[in-house]
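Asker: Sequence:
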Amino acid sequence: MLEDGNEGMSTLPGLNQIQFEGFCRFIDRGLTEGLFKFPKIEDTDQEIEFQLFVETYQLLEPLINEKDAVYESLTYSAELYVSAGLIWKSSRDIEEQTIFVGNIPLMNSLGTSIVNGIYRIVINQILQSPGIYYRSELDPSGISVYTGTIISDWGGRLELEIDRKARIWARVSRKQKISILVLSSAMGSNLSEILENVCYPEIFVSFLNEKDKKKIGSKENAILEFYRQFACVGGDPVFSESLCKELQKKFFQQRCELGRIGRRNMNQKLNLDIPQNNTFLLPRDILTAADHLIGMKFGMGILDDINHLKNKRIRSVADLLQDQFGLALVRLENMVRGTICGAIRHKLIPTPQNLVTSTPLTTTYESFFGLHPLSQVLDQTNPLTQIVHGRKLSYLGPGGLTGRTASFRIRDIHPSHYGRICPIDTSEGINVGLIGSLAIHARIGSWESIESPFYEISERSKRIRMLYLSPSRDEYYMVATGNSLALNRDIQEEQIVPARYRQEFLTIAWEQVHLRSIFPFQYFSIGASLIPFIEHNDANRALMSSNMQRQAVPLSQSEKCIVGTGLERQVALDSGVSAIAEHEGNVIYTNTDRIFLFGNGDTLSIPLTIYERSNKNTCMHQKPQVHRGKCIKKGQILADGAATVGGELALGKNILVAYMPWEGYNSEDAVLISERLVYEDIYTSFHIRKYEIQTHMTSYGSERITNKIPHLEAHLLRNLDKNGIVILGSWVETGDILVGKLTPQMAKESSYSPEDRLLRAILGIQVSTSKETCLKLPTGGRGRVIDVRWIQKKGGSSYNPETIRIYILQKREIKVGDKVAGRHGNKGIVSKILSRQDMPYLQDGRPVDMVFNPLGVPSRMNVGQIFECSLGLAGGMLERHYRITPFDERYEQEASRKLVFSELYEASKQTSNPWIFEPEYPGKSKIFDGRTGNSFKQPAIMGKPYILKLIHQVDDKIHGRSSGHYALVTQQPLRGRAKQGGQRVGEMEVWALEGFGVAHILQEMLTYKSDHIKTRQEVLGTTIIGGTIPKPTDAPESFRLLVRELRSLAMELNHFLVSEKNFRIHRKEA
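The sequence shown begins at 1 in full-length UniProt numbering and counts up one residue at a time.
Treat the hints with care, since some could be wrong.
DSBU-like, lysine-lysine: derived pairs with alpha carbons at most 30 angstroms apart [claimed, not checked]: (1) K979 - K708; (2) K924 - K815; (3) K832 - K793; (4) K165 - K175.
Keep in mind the hints are simulated off the structure, nothing from the lab.
Using the sequences provided together with the hints, build the complete structure.
Answerer: Have a look at this one:
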């Protein structure tokens, strides 16, 4: 609970705080809890005991910094040391040593981890909270069947059912169910204890016959009956300790371990007072749950809403890392146990350091960060993307749902999401609603639930208290939105306000309100909070906008938006892309790669990021914003990063836009742009691609890096230095050699080609025994070499493998086929680049930069773009910047429209341009055709919206294939641009060709260009020699494959030729 004396201000929490808090929880608590669970290990003769002394564990500082870890492809981690001891029981001697347990990857200042040189992030998962949940379903005859589901901390489920005869069953699998009396007896209760602890003993006694009494007569009989039905075993199993262990492992451990949260939920739901440290499911829990189930059948109690957030828990970074730590310690325990037994068997004297290796812990974390679905490569397209990625919430992953089986009800917005999970920001496609984003003020509480802040309204106290409430608490309060009455108590004109109470939205008197929202953006995620006038947009388009802002490419010359929401500065600050002064002082020198600051009698050197590649191949670069002699305060911006200006997020450009049709070039979301955007580098971006090659040891020797590559043209090798690596600063084109490499081959006479043998026999020329395996620049990779990294890793043998990485910078102007978008879901593809003199121009002679289709607005219902467009025009004329909070209609009706019109009117007066605001059609203006000079018939809306260039660029997608590789089985071309694959002609495309009657084109598509091997070869020969291409006579390979698959199913398929003259049948093999 927080108290804040200032009602009007509420400070936004750090946007990376969720990740930092989770990792700190793991370091502070998780490590200690995991180490305390490590058992004492004895050898088989119980002569030696091994144990860890947890109190003295140490986590050392990392040996390398973050930049070096990325540069050298290493893991940014800390070494864990623990004191361990060997105790000889006969002599009571103790040998204690400090042992190295392994490396634990650390979290860096951005809330991410660096594993093998790659930034990775662990996202939070939403799971069903452990506890008990009651629900009702209709059986085929239309009668309600009530069930209670107990969910364990492991995710296992135990269902209690009540049938028509009021008998209570516990379902242990899909097909098997046992009596609740058998289950309770197997857990240690006798019949008298069961009947004493239930509210309806007569119901339990009513379905108890003599046979059942015998089954539960003793604990052993109950365990045998439980085992027989659980394991589906026939006959009479014998009670033994191994049978109990099997039940413990397969049933009780998975389905009865409630955990800390499950115990709390069970106590609250069933009104129990069992201690919190007793986290195992008890017979008392099951019997009380059965009582509640009986009450449900008789109409007492409330069924649970499984989708309410109070019934969910957040599996954060701390839980995931602690689970992996526990798994690693289990592996370490098995390894230590095996090593001790081996040492005693061979009569060796073990020491703690000999018993423990770092392999289990290190490999467990490496595989977790590399393979776990919730550990993802950090999306570094722009600063916003980095922040948003760490605040994602996923229903997917281990123990969660799958995109193909999740119902619509789970994906839908729930009233309990209010202020916790954004109702707008989710992915499109199969995972819609399953991957969400945390609201900007939300935090994860101590009980792993999402908490949201509210202001408490109290008549007695004048101080304003801010409360963080969990989903289970705030539904008991009347919660009002932050409207004008709440902001100003002196005005009591409007007594009725909208409020939320118990998942319902009501209209109540102001005096009845308990809590109110603290901020208009409280309900939204970061992406949705950056959309100005979001209240005027359809939610589907706002969703697209919040997703597309994360795809915006940082431009070479960034520009901050004229119309924003005020959140841009904190997003840029928390993303970590800007350089910030950690101490105050004076700037004594600035350079492109570092800033020297003098303060506290010491000179600090602050390095800057220069042309670094992100995970998405965008360019990360910092530009100094301070000059020599300037006095700097702590926290001040020293250098802007990619897509930031003056410490504010700057993803796009404010450009002049008109909404009007133009010769059909902007129909169906196409966009017409001016050549000014190309020639003045308005939408120019830099992209850095990485190309990598490794040397290996083959059976015929090691591979070599060299510039002496036989049989290659000299111009392909022109950029290589004497070592065979491309020279820094070279301009390279497609097909150029970046690294020259030779791989040794078998040097037998039979391995040479006929030409090589001829050269050796006649001229005595020694032919190379190596194969050329150079690194060549692929299609579309032209650019400037900006970095070359040659990494030699020390191997175990005399041969040390080498890795060479080449980084190439590309400068990309905007071109036809690139995707652009606004911040309201208005996206389009550039269809034509028009010369500036032909573009439509305004009344003051300025040609517009971009022409959008006006038909894209009414049907999409994203009217916010029109407000932004007009207000941006006024801001551009007045040289003002606006920061608009959403839902401004809470102040007065039509507040957005009044603001825009007043600013347009002021701009027209101050600049003496009456066309900016014309009362007959405000916001519109007459526009003239650049080709004829005539005005268009109707005035059109024009203005200065903020337009982004997205990472979906035509250079990455354009692809063509003349010939290439084929799949081995089907003999059809491969799929995808990366494999130089072909374009698939599917069933519907064949129908279209059939409809047009183009028989020869259709035959080509299905034979020569696809999988007819013989005609494919004949086409090649005919092309070289000349002549007509022969028609295919037999079936293509895919048909032959079908025939063979049918034969494998014992179905013979042949085709016959029937002669019309004598009706003779000629059988042909397929």
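Asker: If a hint holds in the structure, say so; if it doesn't, say that too.
Answerer: Comparing the hints with the structure gives:
The hinted pair formed by K979 and K708 meets the criterion: a straight-line CA distance of about 28 angstroms does not exceed 30 angstroms. Using a Cα cut-off of 30 angstroms, the hinted pair K924 and K815 holds, with the two alpha carbons roughly 29 angstroms apart. Distance check on the hinted pair: K832 and K793 sit about 50 angstroms apart at the alpha-carbon level, beyond 30 angstroms; violated. Distance hint between K165 and K175 is fulfilled; the C-alpha atoms sit about 20 angstroms from each other, no more than 30 angstroms.
Of the numbered hints stated above, the single one contradicted by the structure is hint 3.
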